[in-house]
Amino acid sequence: MTPSLLRVGHSRSPVVIVDDASGDVDRIVASAAALAPFPVAGGHYPGVRRVLGTGDGAAYDYAAALLDRVAPFIGGAFDVDGFDWIEASFSIVTAAPAALTPVQRAPHFDAIDEGYIAVLHYLTDQPAGTAFYRQRATGIERVDAGNCAAFVAAARDQGAAPAGYITASNAAFEQIGRVEARRDRVVIYQGCLLHSGIIPDDLPLSADPRQGRLTANLFVQAQR
-5 MTPSLLRVGH SRSPVVIVDD ASGDVDRIVA SAAALAPFPV AGGHYPGVRR
45 VLGTGDGAAY DYAAALLDRV APFIGGAFDV DGFDWIEASF SIVTAAPAAL
95 TPVQRAPHFD AIDEGYIAVL HYLTDQPAGT AFYRQRATGI ERVDAGNCAA
145 FVAAARDQGA APAGYITASN AAFEQIGRVE ARRDRVVIYQ GCLLHSGIIP
195 DDLPLSADPR QGRLTANLFV QAQR
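Reading the sequence shown from the start, the letters are residues -5 to 218 in the working numbering.
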């Protein structure tokens, strides 16, 4: 594994990039395919998602092993002593750009707690990475308990986001950093950062884990 560190925005928030994270992507994809078809995701995720549990054998074991491998990078970058495993899933983007809801067309945050950390594992070669944003009206890059209301109010005032997936700066949001997708690359970041998947217009939107934009999405809660 080869880690590197990207710092985004005025806050210089750390984003950890780990290449060659597993060395065995074919086996991971096969374990995901064995669980297909995935159910439609709840919330605002634009696709299908399979949450992993202890009964999922090889897929669950992979998620546990991945967290063990990246634990030193989480501790070093975010200055934490340990973490609790919150959730892990396989996810595939399947929603057509024209079918997105207004919320799905804008950057989002996972939690307002800076200790809530996302571990995202790219499992295909498709050019569909992850970008980070600043809300122009407020300057917000990281959403917390103190600024969440202002962020939501500004989002409502700006009206509907442009059609399709956000892939670059627009009138409401400035892109402040991006990570290109690469097979077996892991990106680790705080869930309070405004972010969005980079979903090109021509991206295949298959729900098949062997064909679509398959990622593993893990979330942990830092201990300090």
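These are computed hints drawn from the structure, not numbers from a lab. A hint or two may mislead.
[To be verified] The following label-pair restraints were derived from C-beta to C-beta distances:
no., residue 1, residue 2, range
1, P66, P96, 38 to 48 Å
2, A28, T95, 24 to 34 Å
3, G17, T132, 35 to 45 Å
All figures in this text were calculated on a predicted structure; none of them were measured in a lab. We put the beta carbon where it would ideally sit given N, CA and C, even for glycine.
Status of the hints after comparison with the structure:
1. P66 / P96: 38 to 48 Å: holds, 40 Å
2. A28 / T95: 24 to 34 Å: Check passed, 31 Å falls within 24 to 34 Å.
3. G17 / T132: 35 to 45 Å: holds, 42 Å
The structure meets every hint from the earlier list without exception.
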